[in-house]
Structures are given as structure tokens and as C-alpha cells.
Amino acid sequence: MSDASLIDELPGELLMWVLIVSELLVFGAGLIAFMGVRLTDPAGFAEAQAHLYRTGAALNTAVLVTSGFLAAQALHWRRAARRGAARLALIGAAALGVLFLVIKGAEYAGKAAQGISYETHPFFMFYYLLTGFHAAHVAAGAGILLLVAWRDDPRNIEAGAQFWHMVDLVWIMLFPVIYLLG
Amino acid sequence: MPLTSSFSKYSRRRPPDFLTFAWLALLALSFASALLTRLALPPQIVGGGILLLALAKARVILARYLDLADSPAWLRGFTIVLAGFSILVFALYLV
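Protein chains in written order, with the working numbering: chain A, 1 to 182; chain B, 1 to 95.
Bear in mind the hints are in silico, worked out from the structure with no lab data behind them.
Everything numeric in this text was worked out from a predicted model, so none of it was measured.
Yeah, the Cβ is synthetic: ideal placement off N, Cα and C, and Gly gets one too.
Any given hint might turn out to be false.
Stated by the list, open to error - Covered by chain A, according to a simulated footprint, are these stretches of chain B (three or more residues, beta-carbon under 8 Å):
| id | segment |
| --- | --- |
| 1 | 17–26 |
| 2 | 38–44 |
| 3 | 47–59 |
| 4 | 68–80 |
| 5 | 87–93 |
Chain B on its own, in the form it takes in the complex (with noise of 0.2 Å):
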């Protein structure tokens, strides 16, 4: 019954506070980015620092805005795949 399991994957929707919360994270996590490009630090750190905020904000948007908080193997799947790519660019940044 299509109608039926679409009602039904409306009401597992968040709440709005968690997508206000979850837009202030990624404002605060870009702010965070750009601050990490600014400090005096090895690249290595910078580098690896300025991915591990990237993937936190992925993380957000695939849980708050794309809605995977409620499906917690899906979300889990692309974390793992994201963080896969993540140390992927990082190994290459590092050669």
C-alpha cells in the first residue's frame, strides 16, 4: 500500500528544534573549518583536522536534513563509506 507506508515515513519526521540545532552545528562546525586554516599548526593536523570537520558535517546533513537519524544502518553505511573517502584523501594529501 504506497500511500499508506509514505503516511507512515512522514510521521517518524524530526521535530524542527533538531533542524535548527543541526543548522547551528554546521555553522558552527564551518566556522570551525575556516578558524583550523588559521592557526599555526603542521599541515598534517591542519589537513587531517579540516576533513574530520567535513565529515562531521556530513554527518548532519545525512541524519538531520536527509533524514537518516531514524535509520540508523543506512546512515551507519554512509558514515563508513564518507570516512573511507575521507582517509583516502588524507593518505593522498600525506604521500
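Bound-form chain A, shown alone (with noise of 0.2 Å):
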């Protein structure tokens, strides 16, 4: 199989791809970092890890996996010339994201209220760090997940789910790692 082959067979643009792999290493190489530090003070870090909001992060995946699904449907439903329905499923996705951002909100509040903040310990540097980073591309996707909405052509929902997925994506491997490896 020929190289050219090989990259015709990804879905959607190439570019998208570029993307969703940039985006990828750099969070990879944060949690790669964040397991390093966890070396110099791992009772610390797993003090410190005992102050989080885990029951919301969880919540939270589900909140994520669920706007995901409806993200793909969406580009389904488009492809099957359904426009009101992956219009309507787009938009759910974009609450879902938006609920998201209030879970993650809360958290942040409830840390505040504590006093904790991203000089309190290096644990909260990073854990600010990526997923306030990570947060920010839930912001942005939402966005993009709305105006693919109103501009509803296939390619241009197509693009939207993937960067959509790609929060998905970085958002399972973040989780675990941030939040459960005590």
C-alpha cells in the first residue's frame, strides 16, 4: 500500500488529522511531565489528588461521551439529508459541552473556596494547567460544534464532530490520570 493510499484512507481532511495529533502529544507530554514531578513527592501528590472533585469528573465523562455521541449522529443524520435533526443533535451537543463547563466551573469554585490554588502545590499547577487547557478547547468546541450548526454543509460538520472527538479523546486519557492515579 503506497503512502498516498495509506493517508486517503483517514477520514475527513488531512489538516483535521495534523490537529487531532498535535493536540495529542502536547496533552500526552503534560500528563507524561505531571507523572515525572509525581516522582519528587508522590505522598503529596496523592494528598493533594485527594482534594479533588471526583464524582463531578466522572460525571463529566459521561457528559462528554454522551455530546460525542451526538456529535457523530449529527453528521449521520446530515449525510442522510436529515438537517433538522443534526442541526437539533449539534446543538445538543454544544449544551452538553456547555454543561461540562459548569461541572468544571463548580470545581474550580469548590478549590478556591479551599484556598487551593496553582501555587498551593506543583499537583495544582499541572492539574490547573491541562485541564483548564483542555477546558478552553471544550469552549472553543462548542462554538465551532454551533456555527457548524448554522453552516451545515457535510464537510464542515464532519470537521466539527472530529475536533469535538478529539476533545473526547484527550479529556479519557486526562481523567485517569489526574484524577484517579492516587
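The two chains are supplied separately, each in an independent frame; assemble them into the complex guided by the hints.
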């Protein structure tokens, strides 16, 4: 199989895959750095992690995978010429993205109320950096989903949904490392 | 012919039942992760199990949401890289 045909196998636009791989590498490097720094103070990292709101984060996992489902479903419906259903699914996916941010915001507010900031411990520096950067992607992704619901060419929806699935994928890898591996 | 190649890609799309199954699988795997953290097991087993479940979830997203199920070489490549990442994280966790 030639390189050209292998690249042609990728669904959607090649540049979107370049973006997906880039984002995975950036977050992956951040998580490896987090685990590396953890080696200097495993007990402190475990104690800091105990302050996290795991239930909210687990709920956010369900919210994001459901949102991803709606985005994928929207593309299927748009290709089947069901434009109204596709638009509703995209708006629903974006609304779940907003719900993710609300839960995340409550989590940050809880930390602030406890006097926890990024300066409290190196754990929290990584926590705010990685989850904050991810939340910024969620905010951008929700906006993109609304944009492609309006400009609903199938190729636009495919690109928007792929961005959203990348955000989902990053969270799936980020959640266990930051929240669960104590 | 960009238009033709785009439409040929569209035709490879999985029917929605696969998406529903993927969504339910992701919810079940997430529930299993939450359950695992509540079991009285050695941390090494819990940590390894959590990373394995995360890898399974990532593979479902790649295969069904990102539609790589029809591009096995790419799906295999992404899975290998993510498995390598998970092994590295697990090794650092065990140190």
C-alpha cells in the first residue's frame, strides 16, 4: 500500500488529523511531565489529589461521551439529508459541552473556596494547566459545533465533530491520570 | 477529484446502531472505572485496570466516533501509540 492511499484512508480532512495528533502529543507530554514530577513527591501528590471532586469529573466523562455521540450522530443524519435532526443534535452536543464547563467551573470554585490555587502544590499547577487548557478546548469546540450547526455542509460538520471527538479523547486520557492514579 | 473522494469517504460511514453501541460501551467502561476505584484491591491492580479501561475507551472513540474502524492501519497505529503512552504512565506510577 502506498503512502498516498494510506493517507487517503483517513476520514475527513488531513489537516484535521494533523491537529488531532498535535493536540494528543501536547496533552500527552503534559501528562508524562505530571507523572515525572509526581516522582519527586508521591505522598504530596496523593494528598493533593484527594482534594479533587472525582464524582463531578466522572459525571463530566459521561457528559462528554454523550456529547460526542450526538456530534457523530449529527454527521450521520446530515449525510442522510435530515438537516433538522442534525442541527438539533449539534446544538445538544454543544449544550452538553456547556454543562461540562459548568461542572468544571463548580469544581474550580470549590477549590478556590478551600484556598487552593496553582501555587498550593505542584500537583495543582499541573491540574489547573491541563484541565484549564482542556476546558478552553471544550469552550472552543462548543462554539465550533454551533457554527457548523448554522453552516451545515457535511464537510463542515465532519470537521467540527472531529475536533469535538479529539476533545473527548484528550479527556479520556487526562481524567484517569489526574483524578484517579493516586 | 476532491468531490468524488469526499463522497466515497461519506459512503464508508457506519450506520447509527454502531454509534449507539459505542456510546453505551463508553458509558459502561466509565462506570467500570468508577467501580474499580472503590474496590479494595492493591493500587497497582487498580492503576493498571484504570489505564486499561481508558485505553479501551480511547479505542472506541477512535474506531466509532472518529470513524477509523474502516481504516485498520490508522486505528492500529493510534492504538499502539496510546498503548505506549499508557505503559509509560503506568511505569512512572509504579516507580
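Here is how each hint holds up against the structure:
no.	hint	verdict
1	17–26	holds (count 5)
2	38–44	violated (count 1)
3	47–59	holds (count 7)
4	68–80	holds (count 5)
5	87–93	holds (count 4)
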